[in-house]
Structure formats: C-alpha cells, structure tokens
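Colleague: Now for the letters of each chain:
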Amino acid sequence: MEILDYPFDSAQLIRKKKSILKELHNYDTQLEKKIAFLGSSSTQEIAEFTKIFAKKNKIKLHSYESLYGRYYEDALFSNEELNKFHPDIAYIHTGWRDANLPDRYNFSNEEINTRAEETINRFEKMWSALKERFNCEIIQNNFEQPPFRPLGNLEFVHHCGVVNYINKLNLLLSERLKNFTWIKINDIHYLSAKIGLDNWHDINTWAQYKYALKYEAIPSLSFQISNIINGVVGKSKKVCVLDLDNTLWGGVIGDDHIDQIKLGPNFPVGEIYSEFQEYVTRLKSRGVLLAIASKNQEENALKGLAHPHSRLKPSDFSVIEAHWEPKSTSLKNIASTLDLNVDSMVFIDDNPAEREIIKQQCPSSTVLNIDSNAEGYLKMLDQSGFFETTHLTNEDLKRSELYAQRKEILREANNWDNYSDYLKSLQMKLLISPINHGNLERVVQLINKTNQFNLRTKRYTETDVMKMLSSSNYQTYTAILQDKFSDHGLISIIILKIEKEIAFIDTFLMSCRVLKRGVEIALMKQVIDFCEGRGVSTIVGEYIPTEKNQMVKNLYEELMFSMFQPHTPDQSIGIGTGVDSKSVHWKLEIGQSQFPSQSQNNKYQHFLEIVFL
Amino acid sequence: MEKMIYEKMQSVFVDIFDDNNIKLTPQMTAKDIDDWDSLNHINLIVSLEKEFSIKFAASEVQQLENVGAMVKLIEKKLNFKNSN
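In order, the protein sequences belong to chains A and B. Under our numbering, the letters of the first sequence match residues 1 to 613, in that order. Under our numbering, the letters of the second sequence match residues 1 to 84, in that order.
In case anyone wonders, no lab produced these hints; they're calculated from the structure. These numbers come from a predicted model, not from an experiment. Check the hints yourself; a few may be wrong.
Capping the alpha-carbon separation at 30 Å, the derived lysine-lysine pairs in DSSO-like fashion look like this [stated by the list, open to error]: (1) K18/A / K72/B; (2) K3/B / K210/A; (3) K51/A / K72/B.
Just a few of them, taken from the derived set where beta-carbon distance is under 7 Å, the chain A residues facing chain B [unchecked claim]: (4) A11; (5) I14; (6) S19; (7) S40; (8) W127; (9) K131; (10) R133; (11) N135; (12) A207; (13) Y209; (14) K210; (15) T329.
Glycine is no exception: its CB is placed at the ideal position from the N, C-alpha and C atoms.
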C-alpha cells in the first residue's frame, strides 16, 4: 500500500481512511499486540492511524483507550476494563499541556527546578505503576515547544521562559530514563519541529475535539509510534542495499573518467552525494549492515569506492554484488551470504526500472521511494524510520565487524579438506548461562528477529521473558560462542517449561551464522543433564513450520527425538495450543535415548570447550 | 457555484464514507448516513476544508444542521475568498 509509505499525504490518508482500512483488512498478520492509549487528550484517531501503519507492517494491534481525562488514574490504579485488556504496550500521550509550564517570570531558579523535578516525578509514578501491574512496554512522549513565547527569543535563556523550561524538562527526562531503560521515548519535540510548530498546534482542534495536535498532524505522530512498535517487536530492517552509479556518486564509473565522477567539494551535486555517504557511514556505525547491488564490473565498483572523496570504502560493505545479473538475484545472494531474509533489507537505487524489478521479484523487501534527484535520498532514508531501535547494544556497535570476520572464516573453511580439522582449528569456546538481566536485551532481540533456526518462532517481549524468569517452572539457557577469529556474542537460546515430569521446549533458536558448529548438540546435552537431575522423564519438542524455518524441520530427528502425536492436547505445556495441524511433535525419553552418541553431528561438539558463566 | 460545491462535496463524502452510492441532498443530515458519527464528522470537516482550501471557525461548525447549510457556508467562504 504505497499510499502509506513515507512521505505520505496526511490529508489524503484522512480522507481515504475507510477504504484504506478495508484494503488492509485482508493483509496478512505476523503478530498481534495489545496496546493501551493513555492520553491527556483525545487519542481515538491516533489509535486508528497507529493500527493502520502497524497493520501495513503486518502487526495487528488491539487497542484500549482511556476515557477523556482519566489517563493518569488509569495508569496509576487501572480499572476493570484495563485489567482485563492487560496491555503488552502502553502509550502515554502527553505534551506541553502536561508540563506544568511556569506562568510567571518571577520564580527563583530553585522553584523552577523543583517544578521540573515534580513534573517528571509525576510521570515516573505512571511508569512504575504500569510496569508493576502489567509488566508492559511503555512508550512515552517527551515535550514539544508550546505555541507561544511571551518573552520572545529571550525565552530560550531566561530560567522562567517556557522554551527554556521545555528544554530543561526534556533533558531531565532523558537523564531519568537512564534508570528506566524499558521506557521507549516518542520524540514529539523533534517531530513537531520537523513538521513545523504551525502545522502541529491548532487551538481549534483542541477546543472542539480535544486533540492536543492539529488533526492533519495525527498520521505523522501515528507513523512514528508504529516505527517504535517495529523496534519493540524486532521488526526493524537490518540491511541497507545500495546501488553505486548515481546513488552513491554522480555519474557512471564504467564510462566516465574518475575526475568526472561527481563526489566531494568539486561539484555542487558532489556535496550532496558526500553527505549521503556520510549518513550511510553513520548507519553502519549503529549496526545496520551495508551491501552493494550494482550492475558493474567488480573492478569498476571498487574503483569508484577508491575515489579520493569516497567516504565509504569497500570494507564498509558486508557484501558486494557487482555484476550484470538481475538485481533481484543480487538481493537474494546478499540474503544468503548474510543468512538474513530479504524482508530485512532496504533497497536504494536511483533507477526506477531496477526499483520496479525488486518490488515485483522480492516483494517482501522494502524499496526506498526516491526519485532520481540525489538531494532527496538522505531525507527519505532517514525519515522512513526503517531502522528504528529501542536500544543500542554492544552487538549493534560491532555488527559489521562480526560479519567481516565471518567472511574470513568462510574463506578459510574452503581451504580445509576435512571439516573437523577446520572446526578444531577455530579453538571454539561456548559460554553457557541462564537468561539474566545482563543478557536480556540481546535475548529479546534474538527471540524477535530469528526466523530460520527457530523451532516455534514464538515472539516475546522483555516483559514476557521477565515473567518466565520469575517462575520456577522455567529453565533457560543462552550460549555465547567465541573462536579465534571473533566473539560471536550471544547466539542461541533455549527456554524449557517444566510441568511435573515433562519438559517442554518452548523456545529453541540459534543465529544462523554459527550453524554446523555443534552448538545445538552441546546445548541439548545440557538440557538432558538438567532434566535428569530434576526428575523429568520426557522432553517434548515442537516444530511449527513457517515460510522461513525449513532448515530446522528435521532438527529434533537429528537430536534423536522420536515423532509422536499428542493424544490429549495438554494446555499446560502449550502443546497443540493455538497451533494448526501442521506442527510436528517430538519427544525424548530420558535414559532411553541414544543421544548424543548416535547423532550424526555429534563429533562437532567435541571441538567446543564449554564454560559455565 | 452551488453545483460545483455539491459535486466536490459529493466526492469528499464518497471517500469519507467509502460509499459510491451517496447522493447529497440539501436536507440530508448525519442521521441519513450510517457511519456519520462524531469521529467521521471530524474527518469530513477536515477533508472539506482541504478540498475547498478554506477553514471553518469553531463557532461555524457548531451551527451546521444539514448538508444544505454546509453548502451555504462553503459558498459564503469561497465568495469571500474570491473577493479578496
């Protein structure tokens, strides 16, 4: 639905909302979430558009909305309906009217500071209460500038100025959030500045309908919220696939002399390409993987990246596809090289014909809607919100480095005749620990984005995982893999749910970049040892097929489980609950299994040195 | 003028209520269209403002009892706009 792509026409969306809703109704849904809109002003239309944008991202949202004027009480004390609804996400929609703005210019500095502190404390009460009651994710607006400045420009400096106060409040809020890492900020201070305060504030909409922002600004607000939700559930994009000629520089490197390539300060349009390259470098630094899909000879592609003003170097790209094959092939090659899905990719190309091919051949990927003018690239890429994230993890900061090391390993693997010798040479270490506060962020990230080596593809929020940790029925494992080339970080998770003598494997997933290292066997061995000690008689596994997890179809068989039909679906361990007939069940009887000695990849685990953290 | 307003207004109504069969008459009120609730009413007003490049004042919106009154108000605003 291109009408919903950035930059959308808000007036058009408002006018065509009903037909958009009708069209989205049949869109497929990958997951469902419950979101409570707690607003100090009206939220009805905000909720509608948030649902629309989320549905386009294949997330179906169910919503609750506070009654007018009741949001604070709802957050603090809840009510029967909200209790029953039990949100996964709470969105607190507040703004300058809730900032307790100073209304005189003779307050002391101390009075102003106290006022700001108390304002934030009031919000903190909501966060704590919501967290305690629902253990939900929370999205909180910051504060936008009000529609007036009695003191004019001096507002910025004077301690009683409303502009000064809003800036102070936002700073205080960001400081406070360091202790509340589960709060996701919705930066309406930025958004309102971006679309312009004149397009944000509207006294009429407030007076008549009690909306705190201009009606036409609502789609932009909802779009931003839907991007945050993408981040929360791990549906943000991971790879930026770039064309070269007229995308990263002006001109055609295969035809033009290198001096004629428009990049850098010698050409006006060269400045634009330089700035775009600079931006792409920033994306890489924050953990977005970069790849090239160019119709060029590889040597020409590299020549362009060797341009004295090229900010991007060949080593910045995890994959370079430079040849004359169709770009849909390039995209698929990039996906398989990185062990990622095409749907995690954003494709950027100045050529509309190439964009059209990708739209048709790789419909699950995202194509940036640029025209052929370079000045629009950066803005489109930045404002589309594809890469929205709620945390910046250490993994993110090292990501492209990790993939570079992985490439090195794959190259080395080809030099070995015997795979076992190769594994031995890697000097691998497997560090095993339960899920804990230290690795929770990464665990949730993996749970929500692993598609291929994932037996049940159950998505959980930080909140869901915390609930499991606090129950004695759950046993969890995480594994960090290190070898002589690299620290792969946390790459595998198992969550067991134990009911009496049965242990059900609720979650079993692994990052694909460490396949065939024996990790799954070593971990299953830990699981079996634990179950023996705990008096468990049977371990039950389930495979729920998806479009993407074919690779683990036979995993339990490889791990010496035997297939069975559960006669009486046992709700308590989740077998057969909400799952169609396609799912396959496996069990392993403790003490009777040939695992691991008879399993085919057993030898691999011997090359892993196990360390318990 | 009135005819032009009816035509444009008709197309806005068709979009807002996603119903090609809507035929506007001066006497028509919110009761005559199933989905014409308070939320859609805002969408309608905002979309009419956009279609005709006009703004309704808060006091004006309160007084619109039927489609005919809306058309009259829009006509008045367009005349005012054109004379300026």
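Colleague: Each hint needs a verdict: does it hold in this structure or not?
Modeller: Hint check results:
| no. | hint | result |
| --- | --- | --- |
| 1 | K18/A / K72/B | holds (27 Å) |
| 2 | K3/B / K210/A | violated (34 Å) |
| 3 | K51/A / K72/B | violated (36 Å) |
| 4 | A11 | holds (5 Å) |
| 5 | I14 | holds (5 Å) |
| 6 | S19 | holds (5 Å) |
| 7 | S40 | violated (19 Å) |
| 8 | W127 | violated (29 Å) |
| 9 | K131 | violated (31 Å) |
| 10 | R133 | violated (29 Å) |
| 11 | N135 | violated (32 Å) |
| 12 | A207 | holds (5 Å) |
| 13 | Y209 | holds (6 Å) |
| 14 | K210 | violated (11 Å) |
| 15 | T329 | violated (41 Å) |
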